[in-house]
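Chemist: Please work from the sequences and hints to get the whole structure.
Protein chains: 2
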Amino acid sequence: MFLPKRFIEVSARLSSLPGIGPKAADRLVFYLLDQPEDDIRALAESLMAAKREITFCRRCGNFAQGDLCEVCQDSSRDAKVLCVVEEIRDLSAIEKTGAYRGLYHVLHGRIDPIARVGPGELQLGRLVERIHLDDVREVIVATNPNFNGDITAMYIAKLLAASEVRVTRIATGIPKGSDLEFADIFTLTQALEKRTDVQT
Amino acid sequence: MFLPKRFIEVSARLSSLPGIGPKAADRLVFYLLDQPEDDIRALAESLMAAKREITFCRRCGNFAQGDLCEVCQDSSRDAKVLCVVEEIRDLSAIEKTGAYRGLYHVLHGRIDPIARVGPGELQLGRLVERIHLDDVREVIVATNPNFNGDITAMYIAKLLAASEVRVTRIATGIPKGSDLEFADIFTLTQALEKRTDVQT
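So the protein sequences, as listed, match chains A and B.
For the record, in the first sequence the residue sitting at position 5 is 5 according to UniProt numbering, with numbers rising by one throughout.
For the record, in the second sequence the residue sitting at position 8 is 8 according to UniProt numbering, with numbers rising by one throughout.
Heads up, some of the hints might be wrong.
[Claimed, not checked] Pairs of lysine-lysine residues, derived as PhoX-like cross-links and limited to a Cα-Cα distance of at most 25 Å, are as follows:
(1) A:Lys23 <-> B:Lys176
(2) B:Lys158 <-> B:Lys176
(3) A:Lys96 <-> B:Lys23
(4) B:Lys96 <-> A:Lys5
(5) B:Lys158 <-> B:Lys80
(6) A:Lys23 <-> A:Lys5
(7) A:Lys23 <-> B:Lys23
(8) B:Lys158 <-> A:Lys23
(9) B:Lys80 <-> B:Lys96
(10) A:Lys96 <-> B:Lys5
(11) B:Lys176 <-> B:Lys96
(12) A:Lys80 <-> A:Lys176
(13) B:Lys158 <-> B:Lys194
(14) A:Lys176 <-> B:Lys158
(15) A:Lys176 <-> A:Lys194
(16) B:Lys176 <-> B:Lys194
[Claimed, not checked] Have a look at the derived ranges for each label pair, beta carbon to beta carbon:
(17) A:Leu180 <-> B:Gly21: 27 to 33 Å
(18) B:Pro145 <-> A:Ser15: 26 to 32 Å
(19) B:Arg77 <-> A:Asp112: 51 to 57 Å
(20) A:Pro145 <-> B:Lys23: 18 to 24 Å
(21) B:Asp197 <-> A:Asp38: 32 to 38 Å
Derived from the structure by calculation, the hints contain no laboratory data.
Yeah, the Cβ is synthetic: ideal placement off N, Cα and C, and Gly gets one too.
Modeler: Take a look at the structure:
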């Protein structure tokens with residue numbers, strides 16, 4: 001041990017964060033000790049403020065500062081279309097495309113038989129409520145295209161079958177810009193099955 | 001903008017740290033918001049405490065909590081050998097080898113003619129003082145083997161020429177485990193010039 005206890009402690013805390021290994025954590029502490037005390041304080045206070053102030057949007061489950069999130073507050077968005085995602089990071093990925101102008105519904109989970117997570121633990125009652133209250137036209141189910149995501153999607157489709165709403169699922173296939181030879185067999189099989197007519 | 005202002009602010013602060021890009025910063029905030037408030041507070045307080053409590057060792061310039069650093073406090077180390085390094089991160093690299101049992105002297109810089117950093121801005125007066133006070137036997141100059149590090153080493157050797165102390169320089173050559181074909185010409189030239197007899 002050649003560094004102060006406090007150095008080792010803060011470095012250990014940082015290296016417990018995702019994507020930060022012990023070397024990167026040491027490098028961060030070296031860097032931070034070189035910064036003015038005010039900057040460290042600002043970082044520390046902003047971390048605590050984030051935890052204190054950020055809650056979930058009452059309507060869609062996205063992060064929000066206050067009652068409604070930025071997406072739900074945006075009156076220019078199409079409130080008749082809902083995109084259902086498992087987690088906020090999925091919402092984040094979709095927002096970054098800039099291709100979607102509807103609202104969201106975050107399940108905060110997925111049906112997972114192995115982990116014994118059933119539909120009752122997802123925000124599904126709230127989804128049905130929103131569809132009726134807001135007269136929603138389409139629900140795009142954007143759960144992940146894997147086993148748990150697929151059964152969650154299936155469950156939602158059945159749940160909404162009785163209502164007027166159109167339920168769609170995001171497309172699966174070969175990723176744009178990738179090579180056929182590197183696609184796994186399930187993806188390639190799906191891409192063949194879900195082939196579309198070429199528009200001329 | 002689909003995330004709360006506070007989220008964006010804390011993510012921006014994190015992505016200003018070295019080795020953390022905007023994507024990694026967002027991922028960190030997602031992770032942190034999922035942790036208990038006490039954990040965030042502990043991280044924040046430990047960052048501030050580190051900045052407040054960690055200073056430089058009065059003797060060698062390493063990080064210290066208090067007057068002397070962990071290395072200088074360790075009476076089992078050989079106080080008659082000093083290793084001179086540019087920065088604490090170099091001390092850290094040498095300590096990790098476990099191969100050195102002497103003390104250190106951190107210059108907190110190097111002579112840099114282009115950046116107009118002269119010997120007066122380094123901790124050199126203190127070095128001379130230590131050599132005489134502690135009756136030092138050897139000074140190993142472990143500044144980086146590049147232009148600035150080399151002229152700093154040369155300056156130190158001249159500065160100490162009048163005293164009894166032996167001044168040595170860390171070896172340069174082909175890194176262990178690497179291939180000759182990938183070595184740059186300067187390294188390879190040095191490795192040839194500084195060849196040693198094979199011990200049999």
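Chemist: Does each hint fit the structure? Answer for all of them.
Modeler: Each hint tested on the structure:
| no. | hint | verdict |
| --- | --- | --- |
| 1 | A:Lys23 <-> B:Lys176 | 21 Å, holds |
| 2 | B:Lys158 <-> B:Lys176 | 31 Å, violated |
| 3 | A:Lys96 <-> B:Lys23 | 12 Å, holds |
| 4 | B:Lys96 <-> A:Lys5 | 16 Å, holds |
| 5 | B:Lys158 <-> B:Lys80 | 20 Å, holds |
| 6 | A:Lys23 <-> A:Lys5 | 17 Å, holds |
| 7 | A:Lys23 <-> B:Lys23 | 20 Å, holds |
| 8 | B:Lys158 <-> A:Lys23 | 36 Å, violated |
| 9 | B:Lys80 <-> B:Lys96 | 21 Å, holds |
| 10 | A:Lys96 <-> B:Lys5 | 16 Å, holds |
| 11 | B:Lys176 <-> B:Lys96 | 16 Å, holds |
| 12 | A:Lys80 <-> A:Lys176 | 29 Å, violated |
| 13 | B:Lys158 <-> B:Lys194 | 21 Å, holds |
| 14 | A:Lys176 <-> B:Lys158 | 64 Å, violated |
| 15 | A:Lys176 <-> A:Lys194 | 15 Å, holds |
| 16 | B:Lys176 <-> B:Lys194 | 15 Å, holds |
| 17 | A:Leu180 <-> B:Gly21: 27 to 33 Å | 31 Å, holds |
| 18 | B:Pro145 <-> A:Ser15: 26 to 32 Å | 30 Å, holds |
| 19 | B:Arg77 <-> A:Asp112: 51 to 57 Å | 55 Å, holds |
| 20 | A:Pro145 <-> B:Lys23: 18 to 24 Å | 22 Å, holds |
| 21 | B:Asp197 <-> A:Asp38: 32 to 38 Å | 58 Å, violated |
When each numbered hint is compared with the structure, violations occur for hints 2, 8, 12, 14, 21.
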